[in-house]
Amino acid sequence: MTAAQRRWLFLAGAAGFAAFYLWGLTGLPGFGHYPGPYGDIINRIAVAQTNATGVVSAVNFEYRGFDTVAEEYILFVAAIGVSTVLRQLRGERERAARDEAVGRRVPPTSDAVRVLSLMLIGPTLVMGWFLASHAQTSPSGGFQGGVVLATSFILLYLAGEFLVFERVSPLDITDAVGAVGAGGFAAIGITAVGLGLAYLTNFLPLGSTPGAVSSSGTIALISFFVGLEVGAAFVLIVSELLEQTLLLRHRS
Amino acid sequence: MNVVAVAAPPPVPLALMDVLQITLLVLVGAGATAVALIRSPVRQVIALSAYGLLLALLFLAFQAPDVTLSELCIGAVALPILLLLALAKVRRREE
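Just so you know, the sequences run in chain order R and G.
Using this note's numbering, you'd call the opening residue of the first sequence number 2 and step up by one each time.
Using this note's numbering, you'd call the opening residue of the second sequence number 160 and step up by one each time.
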């Protein structure tokens, strides 16, 4: 196929795509017009039904909690996959990077980066914890909180060395925290079944005040477990990749 | 406290919001094009991170603060970190 033929083929395809796309656009509802009833219904009843003022979390962890379980396990399985693929292979061994190029001086991390990272670790931890534990009152949740929590561990790596990072987040403990998070979510659902309710039914007392941190029953609890799982999964993935980059060498 | 105070957000003139949304849409389009056009992988990752930040702002302007938070975490932070680490590994093997 010559270049000219290829170009014509592309142009024909692009024109067809553009035609269908524009045709599809004309059928869309107007900007800002929401046709379906579900969103309006949820907006009206969610706070009264769950005592959670973070309606997004109420949807995620209650109305469609079953979907969220599956989503959480996608991340869980992905983390397992990464640590399986990136395990130490037979042809590799662990070695620090120092003797890779003898005589070449590796520039040390600058003091500015170290100080900034150290300063940010505390606020990042608090922020992550806040996000993970306030799903019921704000548009946050365990997912975002977990990633922010994991970021504070990455800051620790920036401020120090990989070995410090590894010592603070040992693989066994990270694995265990992740497993507790993933299992906790499922266990809450099964507890509801044990009480004679449908899977993931909100069986805890909802509290008397909508918008209080202690309100919303299982929504807050599920968000907490999701935070644990997501944080651990990200720390695990990043530490596996760092190990690949910094420690593992081909046996030569 | 028995009364839940739900503070109404201060009214923003509609035209101002439209301008903000359109500006951000244009910026996101430009950012996506930039990410696709940049050839050097490391620079591409940095541009991708900035693009994630732009997308987060866009979601905020369209009143989706929860998606904003997710996009900030994943698009602007987590994804670039993973890509940079992968690039570092590939580069080391090539040396």
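To be clear, the hints were calculated from the coordinates, so they are not data collected in a lab.
Among the hints, erroneous ones may be present.
From the structure, some residues in chain R lie toward chain G, with a derived Cβ separation under 10 Å [what the hints assert, rightly or not]:
{"id": "1", "residue": "V57"}
{"id": "2", "residue": "S111"}
{"id": "3", "residue": "P140"}
{"id": "4", "residue": "L247"}
On a predicted model such as this, the values are computed, not experimentally measured, just so you know.
By construction, the Cβ of each residue, glycine as well, lies at the ideal position given by its N, Cα and C atoms.
Going through the hints against the structure:
Using the Cβ-Cβ criterion of 10 Å, the hint placing V57 (chain R) at the interface with chain G is satisfied: the shortest such distance is roughly 4 Å. Checking S111 (chain R) against chain G: minimum C-beta separation of about 18 Å lies over 10 Å; hint violated. The interface hint given for P140 (chain R) holds, since its Cβ lies 4 Å from the closest Cβ of chain G, which is under the 10 Å cut-off. Below 10 Å, beta-carbon pairs count as interface contacts, and L247 (chain R) has one with chain G at about 9 Å; its hint therefore holds.
Hint compliance for this structure: hint 2 is the single one not met.
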